[in-house]
Each structure stands twice: as C-alpha cells, then as structure tokens.
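Q: Here's the letter readout for the chains.
Number of protein chains: 2
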Amino acid sequence: MPVLDLQKLQKVCRLLRADILSATTAAHSGHTTSSLSGVELMATLLFGGFFRAKLDEPSFSNNDRLIFSKGHASPLFYALYSVAGKVSEQELMRLRQFESPLEGHPTMRFPYTEAATGSLGQGLSIGMGMALNAKLDKLPYKTYVLLGDSEMAEGSNWEAIQLAAYYKLNNLIGIIDVNRLGQRGETMYAHDIQAYEDRIRAFGWQTYLIRDGHDLNQVSSAFEFALQQTAKPTMIIAKTIKGKGCSIFENKEQWHSKQLSEEQLGVCLNEIGEIDHAIVGEVNQPEEIQPQISTGFFDAQSRFQFEHKNYSTKEAAGITARELGKTNSQIVVLDGEVSNSTHSDLFKAEFPDRFFEMFIAEQNMVGAALGFSRRGKIPFVFTFAAFFTRAFDQIRMSQYSDPNIKFIGSYAGVSLGKDGTSQMGLEDIAMFRAVQNCVVLQPSDAISTMKLMQQAAAHFGNVYFRTIREALPILYDQDDQFKIGGSRILKLSNRDRLTVIGSGITVHEALKAYEILAAEGIKIRILDLYSIQPIDVKMLVSLAFQTKALLVVEDHYVQGGVAEAVRSVVGKHAGKVHSLAVHKMPRSGTALELLHYEEIDADAIVKKVKELIGQ
Amino acid sequence: MPVLDLQKLQKVCRLLRADILSATTAAHSGHTTSSLSGVELMATLLFGGFFRAKLDEPSFSNNDRLIFSKGHASPLFYALYSVAGKVSEQELMRLRQFESPLEGHPTMRFPYTEAATGSLGQGLSIGMGMALNAKLDKLPYKTYVLLGDSEMAEGSNWEAIQLAAYYKLNNLIGIIDVNRLGQRGETMYAHDIQAYEDRIRAFGWQTYLIRDGHDLNQVSSAFEFALQQTAKPTMIIAKTIKGKGCSIFENKEQWHSKQLSEEQLGVCLNEIGEIDHAIVGEVNQPEEIQPQISTGFFDAQSRFQFEHKNYSTKEAAGITARELGKTNSQIVVLDGEVSNSTHSDLFKAEFPDRFFEMFIAEQNMVGAALGFSRRGKIPFVFTFAAFFTRAFDQIRMSQYSDPNIKFIGSYAGVSLGKDGTSQMGLEDIAMFRAVQNCVVLQPSDAISTMKLMQQAAAHFGNVYFRTIREALPILYDQDDQFKIGGSRILKLSNRDRLTVIGSGITVHEALKAYEILAAEGIKIRILDLYSIQPIDVKMLVSLAFQTKALLVVEDHYVQGGVAEAVRSVVGKHAGKVHSLAVHKMPRSGTALELLHYEEIDADAIVKKVKELIGQ
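From first to last, the protein sequence lines are chains A and B.
Just so we're aligned: the first sequence equals residues 454 to 1068 in our numbering.
Just so we're aligned: the second sequence equals residues 454 to 1068 in our numbering.
In case anyone wonders, no lab produced these hints; they're calculated from the structure.
Any given hint could be a false lead.
One copy or any two copies: either way a pair holds, since identical chains are not told apart in the list.
[To be verified] With a cut-off of at most 30 Å between alpha-carbon atoms, the simulated BS3-like pairs for lysine-lysine come out as follows:
1) LYS1037 x LYS991
2) LYS991 x LYS1025
3) LYS976 x LYS1025
4) LYS976 x LYS539
5) LYS1001 x LYS991
6) LYS711 x LYS762
7) LYS976 x LYS1001
Computed from a predicted model, the values in this text were never measured in an experiment.
Model the full assembly from the supplied sequences, consistent with the hints where possible.
A: This is the structure we're talking about:
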C-alpha cells in the first residue's frame, strides 16, 4: 500500500479547488459545489498511489478505469487531469464553451472519459461491465465509480449493486460522495451514511464508511481497504460537504448548479490559501498485461446451414449468435433472464464464460453492455423487444459513448399473439431509430437473419436487430446477399402496378397477397426492407418512380415506424407512400387473428392495393 | 382479525387449482406453474376475511386494491374472481382467446384489473401511488401487490420500496411469491427468503417470512401481521413451490409458460382431489367512505396574468400547475427531485399535501402517477424531457391502463445549452408519439403554455407537454384560443411563397427568419404547430395546397419528430414537406450556438427557404 505524501496531496487539493472555482466562474455555468465535495476522494484515488493508468495511452487495456457517474461533477473530473498535467489551465478556463472538449457533462470528446455520463444512475452499471470484462480477460485493472448520493435513488444502481455482488466483482469499487444535498434540497437520507451502508451491505457488498470525506488519511484508508482481496465489491461511503472550502456556499441549499461571481471567487480563493500552480499529480503505472483475444472472421454460414424447415427469426438469431461466437472471442452475450425464449441459451451452452445472465434488470444489462463495448468487446444483448423500452435512457446515453452494442429484441409485434400487449414490442423501431447512428435491422427468415447478424457484428456501432416468435418459411438462398442499408426485391415484373414494402413478418403477408392478386391478374412488386436504418434510399426512390405507389406494411405502431422512415427519404415522392400499421389497441389472440385485426395481413394488403389502383 | 374457515379455504384452493389447470390446458397457453404457487396466498387474502371490496362496484373509492405485478399469473387472478362468482367457468375456459377479456396478462378489459401488468417490476410503483392516494384522501383502503421473485431484480421495485418507506405507507402490503424458479431456471436468490428479508428490511420496511406459502395458517398470520398499524409498509415473503399441486411439474425447471396436455390434466386433477364447483369465496365489504373532492373549472387565466416580460415555457408551466391546482383538488404533482428547475416548486409551496417528491427515480414516479390516475387523480409529472426516457416502459404500459397522466418534460432540445447532450430531450417527441392516444403538445410562449395546460388538464388521457429552458417573448394575447389538435397561423399574406412550421423555440426562429426574408421582399407563412399529436390535419393539408412547400423546423432529432408527423397526415402533399431538425451530435454551448450548429435557427431557415423557392 502506498505511503501518503500528505503535504503534497493537500497542495493538490487546493489546486483542484482553485481550478474548479475558477473554471465554473469563467463559464458562468457548471456544478461547482458538487465538484468541491469530491476533491479529497478523487485526489487521493488518483494521486495517492492507488489508481494505476498510463495517462498517455487512455485506451490501454490494463489501465484502471474511473467513471464519474455523477457526471455533473465534471469540473472536478477535468481539474484532476489538469493537475496531472494533461489539460492546460487555459483549456480549463474554456469549460463548457462550444469548441471546448470540456463539456457540461463528460463526453468522448475528452480523452479520459470512459463513457459519457450526466443522466444519473448509469455509471455503476457501465463500471460493472468493465469489471466483468477484467474478469473475463484476466486483467488486474480495477474499476472505480464516483457516485452522487442523490442518484442512489435510481433503481438502476440497485440493479448494478445486486448483480455485482452476484458476480463477486471484487475489482469494482464504488465511492458515494454523500454531500447531503441534491439539486433542490436534502436527499432522502441526508448525511445518514449508515443508511447507505445498511442497504448496500444487505445486497452483499463490503462497505467502508468515511466519517469525514475531506480527511485524506480516512480516504486513503478506505482505498486500502477496498484493494484488499475478498470476494465482494466494495462501496466506500463518504460523508462530505457540498461546496467544501468556500464559506459562501459550503453546506448550503440552493447552490446546486450555481457559480460564483468574480468578486465571490476572490473571497473563496483567499479562503483556500496558497495555491501552487506548478504542482503535478503523479499517477502510478499499471502492469504491462494485454488480454489474449482472437478476432476472427464473422462467417457463420460456412459453419452452419439451416435445414429446410420453418424457423422463427428469434431462433435463427440464437443459432447465429452461437456460430458467430465461434469465430470471434470478443463477442459476449448478455440476456435478461429469458435465454430460453431468445435462444441465447445456445450461445451459453457453447461459451458459458462469455455468457452473462443479467436477470430481469434491463437497465443494468444495457449499461454493462456499454462497459463491455468500451473495453473492446462486442456485446450481444438479448431480451424481448418490448423490454428494451425499460432501458431507453441507457440506450439513449450509449449513443454518446462511441458504442458498439448489438441489441437483439425478440417477440416484436402483434404476431407475438396470446401473451398480449404488455409483451409486444410495438414502439421499438421508433425508439431505436431515434438513437443517432443506430442501425435498425429486421430480417424476414432464417437466412437473412444469419447474414444480417454477421453484418451487424462486423459493423462498429449500435445495431438493433428485431426478431419475432412465429416460425416462418425460408425465403432466401444461401448465396443471396444482404447488407446494412440494403433491401431485396422479391417479386418483380414489368406489369407491376405498385410496390408493397414489407419488413419481417409482413414480407410473408405481402407474398400471400401477391398470390391472391396474381390470381386476379394484378401484379405487384414486393420489397423486403430489412434495413430500416440506414435505409435503401436509391431503391425506394427508384420504386416510387417506377410504380404508382409504395404501400408499407409493418407490425409496429404508425408513429416513428417504417412508413415514416420511408417517407422521410423519398423526397418529392413522399405523397406516394401509403401505410398499413398497427393502429388499434392489440390484445391476446393468435398471430393471424391479430394481424387480421390490425389490418396488416394479406387480406388487408389485397384490399388496400385494390383501393390504391382504383379497382 | 378474521377467524379462518380452514376447511372452506382448502376447498377454495382446490377449485382455484382446478380452474387454473383447466383454463391453461384449454388455452394451450398461459403460465400455469406461476399461478399455482400463489394459490394459498391469494385465496387467504381474498377469502380469508382480509380483503375488503364491493365486487359489484370495482371502482368504489374505498375498495382494497389488488395488483398482480406478476401479471403472468393471470390464470390465478381470473380464477379468484371466478371462485368469487364473478367469472363463469365457461368464460374461464376461453382464457387468452381473441374475444375474451381474460387476456394473457391482465388488461382493463377485465373489470377487476386495477392496472394492466405484464412488464415486470411495475406493480409495486402503481400500488404505491394508490397507497399515497389513500393517505391523501384519508381513506382506509389497503393496497396489496403480488410480486414474483424474479421481478425483484428490477430496479424499479427498489425505487418503490425506498419511496414507500420514505412516505411511511403502512397501507401498502407487498407479497413476494418466492417460488424459486424464473423463466429459464433459478432466480438470483432461489429459495433464500432471508435474502429478500435482509434487503427489504434494510430499506425500512417491516417484513414477514412465510416458511411454507401453502400453509393457510401461516399465510393468515402474515396478513394479520401486515394489518397491525405501524408506520411502515409490509412485505410478506413467502416460500412457495412453482407448479404446486401437480407432480408433473411441481418445483421443476422448464415448465414456465407451459401447459398440460389433456391427459396430463387428468392426472393432475386427480392429484388435487375432490373439487366442489359450487363453492363461492366471500369477500368482505369495505367501509362506506367517500373522499371529499372538488373538481372545479380549469380556469387559471382568470386568476393569473403574465407580465410583459420573457418567460421560459418551463416557468410558465410551473405557474400554470399552481394556478390549476387552485381550481381542482384532484390535481397532484410528482417531481423527480428537480422542482426548482421545473418550477413545480411553485405548486409545492401552495399545496404541500398534494406535492410528492419522488426523488431521482423516474420509473417509480411514473408508476405511482398511474396509481394516482387510476384512483381518479390528475397527476402532473415533472422532470427533464430527457429523463422520461428512463420510464419509457412504464409510460408504454400506462397506455393500456386507461390512464390520465400529464407528463411535463422540461429542458427539451439543444436550446438547453451548456449542460450538454446528456440533459437534452431530443427523442422525447418520438417516444411520446409512439404511445397510442397520447396527446403531445409544445407551447411557444407563456400564454400558450397556460392555455394548453388547461386543455391538457381537462382532457382525460395521457398528455406529454414539452417545455424549454430559454426565456422567450410572449407571442399571444390573453384572448387567443388554443386547443388539442389545433395550430395557429402567425404570419399570413396572399403573397406567401411557402409555409414555415415551427413548434416551441423554432417558432421564434421562424419569426426572426420572417423579418429577414421580408426585408428582401420574400413573404412566408408561419404556423405554430403546438399540437403535435393529434395534429391539425385540415390546416396542414390546406397550407400544403396553398403554398409551394411546408418547411418543418424542430429542435428534436429527425426520427419520429414533427416533420415525420406532418408527412404522415398530408397524404399526396407529403412530398412538399421539408425538414430542418437536429442532425449532428450536439454538445455544450449557448442556445444560439447550438441552434445554429444544428441548422435550425433563423439563418438556416432563411437559407432553406431560398433554396426551396429557387432564389
């Protein structure tokens, strides 16, 4: 254990305080008081000999990780790296300015940000994913997460706490900065650090109480305790003072997200005392260990051929995950306690070490997946399409963290059937489309499932993969090609009156409609729009040009769905786009009954086609 | 306390088991084993003299409430009301059929459903709202929530547990049916009921362990304990056997969501023994108490006039909530620990009893709001627009519960400024549009805020109300009219080349662009599209007909936003709809910098207008 240079650390803390105060005053913006409460906690961690990282190589595999779950304490976060010599004082004073990478809450524009935070209650899950990754890769790095006391009200934190205990993550260390005050007043437990200890200990963590979070010796002892090897994660619970160091706002309400005037700043800097701007905080070096990984080709198809039978796309997705897992050791699978439904249990059977049961706690599952992703893994996250709504905030935030997560949502649409509306993903396409740069794919058979999942795995970025419960006939040949942003024409003649656009199960309904209409001498073109985002603009425009109308049929609510996506890209042809979508409150029934009720089945397509061509 | 008629209760339990088994076998669908584990727990509650309700008046204010948070145990739920004489055996046998109100998970089509469940981890929050409502209305009814052990992994449950303890809800009784097995195998804690007790007790509940959840005496003692008046909510934690009563699947894995064949059913019915189909379970009557309520007019404007200064719409919303609160005692406000930002603290100052601090736990906040709504209250739920994504699953599920919740999302859009992307609601319109029958409103000044909030309060149904941080000049007069589904033309001439459609802050940018263009002799029409769902179809079609193009400008991501909503309704004119929306990753900066960067400011409008009119 390190020997503390108390005098130097005290100097470091004074400089951190001065930096925080000066930067937020310059910005006329920022969370000054929330930053000041954590100064000693973070200074001791980074510069007290505990934290180990190559600061010149932030992505190094064996660096300790530090996540500010209380992202609003970013002035402290940036000041730490300033004291470490990595951010100039000048840059610090440009906090929150448009061109500055020092944003209001940490983003990837700042090189030491492990994951963008600012929506509270997410850091511990992300850290948990990183800690699981260390176990998997046999790396000794530790993951530290700085938490605010207010954010402990978020259930996602308790999901992370319970799972971290379950996985015995003794390499995960949380630090709660219990500064008593939330944004609008006292938190639920105010300064009662025992209340946090009772709860967290009951969940199976070891805990350490710091009675004075501004006493460097106490803080140091806490980290010494945390680094002793046991089979439990550690939560350090520190009583601190919000706004510590400046009498103007120390421990006072109504100062959250407030800054000092220039004059007040002078008063505070005086209170802090002599500041040594030349001092540099030293961070220890980590062990030179690299994980052993094999990143093979994503060629599932050469290993597995589907038989000639009906498959649900959810089953095909499970099979494909297993096959892809054989080719690339970076793929890990997380499932929300539904692996026998999503078929991710096929992956589990083959690769138990790379399968993580996340139980019914989707927020933490997605947060942990982001943690894996940030450490170079390719997480496949499985649950019902509907239940990804549970983690929308985590999904939303992930887009700001340069993510690489594959979300496989099964049981989408009303074709789910008898289980009823609560289990039906009917707004999942709208949700994932609204996540920037998120690919949205919906296969219509086993072969397109496998081919598209390969593409998804090879693509760096978030991908949503929508699958369903119903077993469907195979439509494609092993040699057919699929790509992100592509589509496939299934029926084509030079007599086509209009184009029916399906995706997933509605492709099959469109094909049935084709037969009915063909028997009446009416020809329609059929497009399988398997890539909803990005979307095949060229093909859609060309079809709009060539046929009288585009009829989009989707097993999803109208809003934010496939038809709206199509209309958004066909420009002047948008008036030609018509839509059949789920528009009545669904209920329990068979898949066919529900497709019929919602008027997205073959009958409804036939009827609408005739209406559109005026027959 | 009631004296148990053990013999009768045993008969009731046998009938419940037979009903559950027969119904799920008939349906070839349904969660048989999850229903069987809770038979004694629920039979004792309802028919053991504890539960008090007028079964012929399910909406009676002082009925005890029963929520099946483990909604998949619906066969048990329906069987209970069958035994009570309210559902015929014939109807039971039509479980999960398309025309039957007995759906896969409870919905409002069944009269005894308090709220639709099926997405796990939501019932306790809903129940908490109902328990808070009882306190507010000084009604003695109790709220009982049946929970599964698997769903205790959901963080939302821990949010509810912590808040229920904070509010000392001794009228809230949870019952965990610890049957050891989740869907795919053992839960995290299997049969370790002590693990649940340790955690829940640490959070401040009183707990009662039932070692054998099939022993009627033990179950009865638990409810006796729960009904003793203390200052704490009670959790009954019962060790049960999944599939209890039938050796084929009792306590066995891989039987979740499985049913018996006809032949197996015969075996099981034999094991259960003699069944008395004539027995009727009796439910006790509640006290005849009605709450005192005043449901006045929603006329805030007659009481409050905005001064001539700039207001943010978030501030105007806070003021309006307070003024509306004066006219109607059914309005309650819930806030996620940001009341000094959302200005809901104005309501709190006036009506502390009807204000509920929900801390930073948005899932539970929305669930509780649904509970209030189901009991006749009009909950106004305040947090940042971005953080409603945290509760998307609860919002999604609420649509199936005949809800009446007003969601006020503040700090929407990039105009939020320096705090950065994590705090910006940029997918909130997409999310709320995808909720069926949810009204989506975005006011552009203080007066439209007040008038539209009045409309929102008077409208029965979910409403999303989008407000922002920037202070904006007042655009409207006190006499101007606003309505759900309406819009307002702000600039109109017979020389208008095209129509610019704004909503919220972009209305102001459009007005600036108007001045710039007017100076160059170019006239544009301007529409304030304050009602995004429902949308003013007639006006939009008419504008599309009258002007060359519709340019929609919005401070929201493209996907699922206002432009897509407009394109969806203007039919053949959809090709005329053009869009300016947030399309680059935002960051910290001033509101104006960000509006400019995203090309949704006046300059961008001017440029686009010129491009569209070919100048």
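Q: Given identical chains, is LYS976 near LYS1025, meaning Cα to Cα at most 30 Å, within a copy, between copies, both, or neither?
A: both (25 Å within a copy, 23 Å between copies)
Q: Evaluate LYS976 and LYS1001 at a C-alpha cut-off of 30 Å and name the case that applies: within, between, both or neither.
A: within (12 Å within a copy, 35 Å between copies)
Q: At most 30 Å between alpha carbons: which applies to LYS1001 and LYS991, within, between, both or neither?
A: both (17 Å within a copy, 25 Å between copies)
Q: Under a CA distance limit of 30 Å, which applies to LYS711 and LYS762: within one copy, between copies, both, or neither?
A: The answer is between: 23 Å across copies meets 30 Å, while 64 Å in one copy does not.
Q: With identical chains treated as interchangeable, where does the CA-CA distance between LYS1037 and LYS991 reach 30 Å or less: within a copy, between copies, both, or neither?
A: between (32 Å within a copy, 23 Å between copies)
Q: How do LYS976 and LYS539 come out at 30 Å by Cα distance, when the copy is not named: within, between, both, or neither?
A: neither (67 Å within a copy, 53 Å between copies)
Q: Is it within, between, both or neither when you check LYS991 against LYS1025 at 30 Å Cα-Cα?
A: For LYS991 and LYS1025, both the intra-copy (13 Å) and inter-copy (21 Å) Cα distances are at most 30 Å.
When each numbered hint is compared with the structure, a violation occurs for hint 4 only.
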